[in-house]
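Given these sequences and hints, build the entire structure.
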Amino acid sequence: MAHLPTNEFYKFEGKEKTLSLGLIVGGVILTVLGVVFSGFDMTHFMTSLLYNNLFFLMLGLVAAFFIASQTMGYNGWFILVKRLPESMMMWTIPAALIMGVILFFGHKSIFHWFEPSLTDPTSSHFDAILASKSWWLNSTFWWARTIAYLLLWAGLVWLMRRNAAAFDNDASLDPYKSSMKIAGIFLFVFAVSSSTMSWDWLMSIQPHWYSTLFGWYCFISMFVTTMAVIILMVHHLQAKGYLKYVNKNHFHDLGKLTFAFSVAWAYLFFSQFMLIWYANIPEETMYYNIRITHMPLVMWLCVILNFVVPFFLLITERAKKIKGVTTIACCLIIFGHWLDFYQMSVPGAIFNMGSFHSVQEATVIPSFPGLMEMGMGLTFGGLFLFVTFTYLTRLSLVPVNHPFVKESMTYHA
Amino acid sequence: MKHKYLLGLFDDEEILLTATEKIRSAGYQMHEIYTPFPVHGLDKAMGLQDSRLHTFGFICGATGTLFALSMMSLIAAVDWPIIVGGKQFLAFPAYVPITFEVTVLFASIGMTVAMYLRCGFSVFTDTEVVDLRATDDRFVMAFCEKRYSEADDQNKIVDLLKQHGAVEIKERGLDNEIQPNLFVMDEDDHGHDHGHGHH
Amino acid sequence: MSHYYSSSVREPLITGSKSYHDITEDIAKNTEGTPGLKWIIALGISGFVALIGVLCIAWTIWKGIGVWGLNKTVGWAWDITNFVWWIGIGHAGTLISAILFLFRQKWRTGVNRAAEAMTIFAVICAGLFPLIHMGRIWDAMFIFPYPNSRGILWPNFISPLLWDVFAISTYFTVSLLFWYTGLLPDIATLRDRSKGMRRWIYDRLSFGWTGTAKQWQRFEDLSLVLAGLATPLVLSVHSIVSFDFATSVIPGWHTTIFPPYFVAGAIFSGFAMVLTLMLIARVIMGLEDYITIAHIESMNKVILLTGSIVGVAYITELVIAFYSGNIYEMYAFKNRALGPYWWSYWGMMSCNVIAPQFFWFRPLRRSIVVTFILSIFINIGMWFERFVIIVTSLHRDYIPSSWSYYSPTWVEVGIYVGTMGIFMTLFLIFCRTLPVVAIAEVKAILKTSGDQYMNEFAKVDEADYKVREQILAGGGSNVAGVAHDKDDE
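Those protein sequence lines, which keep their order, are chains G, C and Z.
Per the numbering used here, the first sequence starts with residue 1, numbered consecutively.
Per the numbering used here, the second sequence starts with residue 1001, numbered consecutively.
Per the numbering used here, the third sequence starts with residue 2001, numbered consecutively.
If you're looking for bench data, these hints aren't it; they were derived computationally from the structure.
Any given hint might turn out to be false.
[Said to hold, decoys possible] No more than 25 Å apart at the CA atoms, straight line, and that leaves these computed lysine-lysine pairs for BS3-like:
(1) C:LYS1004 x Z:LYS2214
(2) Z:LYS2466 x G:LYS177
(3) Z:LYS2459 x G:LYS177
Predicted model, so just to flag it, every value in this text is computed and none were measured.
Have a look at this one:
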């Protein structure tokens, strides 16, 4: 039986600090270069900002979801790595703020349905389909929802963090009991808001198109990414000499989740694609039509990086425990899902805005993310890492007072 | 002719595990251990080779994938092409469900049949049980007397069994030989400290 | 010192300080001795109901499906509703055995065996419906792809109905293999307890299982892979059932959320059925120590989770139908809620979305009476769900002149009730002949989850708690800081 673990504190210094700051600065430079080389387009720029911020915002949010779901499931094994998602989720709060700013300045460039003439029956631009959607897609209701998501998420993440911190100063079962309550509330809010958010911020970029599965598809995509980030972070911390109680079996379980949810992503991708392909209704197929015509490489890479690669790399128990294999798989998965978010947002926005503003001018839909998107990705990634590592220093890496901590330490099977 | 076995009965799986390791490190290889439920790490402790069933399952599954895909493609595009629902002859998205099902079917049946065959399962023969309580609450360690025919060895094994917590020790003759096992001969095998290293 | 440990925050999953032998006794005794009067009466009733079902099926085959209430507009109704309902119920077993196995939920050992058996019986009942719905059941072999004995005709591989054939037959086969292989050690236990004819029969059934280390090693390898295969399989089965509807262009059917939403609904209804039956069985068979309140609470949590997923899916469908701007989509949903079948829609909503929300409250989750009542509500609600999807989407199609109203005939009701009789008959026979709780698996968790062992863990935890309190009282962060500095040296 394991002895009692002692507190362990992480120090954020040296290479990590340089790395995260370097990513931020390098990302900004790349973004500027991207704009210089390929010209500035407000829609493209703002949509790229939106999806890059959303990617890392959801990384934080799904990290919180992961903790909440494991807490509700009475799972003991993940306690030793719990501090990682608990720090990752802190990025949600600044990201929510940034999201507010991006949407404030960018909503008219990203979402063409904000144009009032579209729902004005007297206008030559009148769009009957958009007019019938205006009960959901109207400025007031949309902003009310947006603000509600941002406030609810930031507030709940703050509550979860406060609860996480309580474990360091309270040996009783009180923090554990309240963690169950907070997890329940979080899951309830998340279940509804994660879906509606994806309709509001991503699906309504192409407002004629709709898919009921869209929300769950986005969620699964981010769940896999979150697992991959956690695995990479645990590897990193162990290489620095932290988290020595984390053993092969923890990696096995994290790897299993990554594997299983990569398959689940493929399942949802297939379900959405196949049903639309099969029924062959024009207003639905146009979504895939744009993407397959203009960016076949991105679509193929999505399937390969998010399903084929993790499937074959992580299928055996042995592979899930090998550092090199999981590192490669996780890096590819993160890139793959970042591409997935790219294809969900940018092509739609450029297509819609282009065809709306000037029908004569040929709309150029990029076939692959350029320097600008990559730069933004790195910048937000750097910010995300900086916040995560900063919060990681604040609490003991081992939640020594958690009632399941010894289960997690003696974890085998 | 009766095959003789020396049996050591235990009533606790943790004692059994320790005993298994100790007896093996003393140089005696038990022929078989009967347990009422799976004891985690026992196969490693007694030096059994890993099961390779899952590899066979993978091969069966891959066969199923190829079989389903090639059958459907040949039928729909070569043997009798028909346009249905405006789909192309090779409508791959629509082949995915059946391909998946056939993959799973092949892998499951293949693996199960392989396991039953490898374990020598049969409905037609009467089972000879070493001890009736081995499916209830006793863990039975069997030594082959053919292998340890010297009285010295046998006494040593009995001593070791007693020393490491066997609750009952007896000799039994069986009509059928116990199926042979493949053991990992390398004592330093990593599996040894793998499964249950929490003492 | 024992290397077993589990946190004392957890509840024991085996109560009554059982030994390994007690576990064998308690579970095996239900299959031994003469059956009680209650069991005989129950079997008599179930058998009678099953007989009614068989007669109604025979009548259908004899006369043709004209004896059902179907019409030109509503071509699928009770038959397919019942089919989907039974298939859904058949999802709990594999979920408990496979997915919970992979997620390391120990409580599954108490209920997995019975749930798997229910899976198999439910799939048998489900499979009946598409077959008799063919009308000419003697042509059923046409669904299988075998070459040229009937000319050049092949089945249509891009039809979701054919996918169903593959999905359900694969699911049945794999569930059977999984269940039966899992049963081998327990059948061997029964064999070693019995004599004479009984021993001979169980010896045949046990395939010569003796419990050698090698057998267990292969057994565990096989279980792990089958669990890994059954997990996507169970998802695929109900997804493919949902494709039957969603690949079409019928408003209310063609929606991309169907596959995962059907799966969640299936698990939801499956758990409800497992609870309905096991709440009764645990008392009658004296298994309260193995299927404890902790088990019931865990299952209720799964019900709450899947019920909420289903609820989110209902709301998604509804909102997106109106978001779509498609008048036919909108009408389909308006018609569901306010049309002639409004009662089924609101029955579905209240039974499936509202009823499970009571399980947010711990005392209700742990109440046997509340659980039993709610599980019945959910069974009914999930039947309504399929009825809503199938009948209300069909009965008013694009041409108002062909709108119609469907009601079942006595034959359809008879078949549906009859399948419940078939299911119960099989289940009752199973309860008397095979161990309802997985004996070996329960033994394997005894030392981590048995109450006598957990009391020991509680003492350890109590001592730990005192140490932690001292550390914190001595200025927690300082002590922690010291520990940290030491690490740095």
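- Task: Could you tell me which of the hints above the structure violates, numbers in ascending order?
- Result: none
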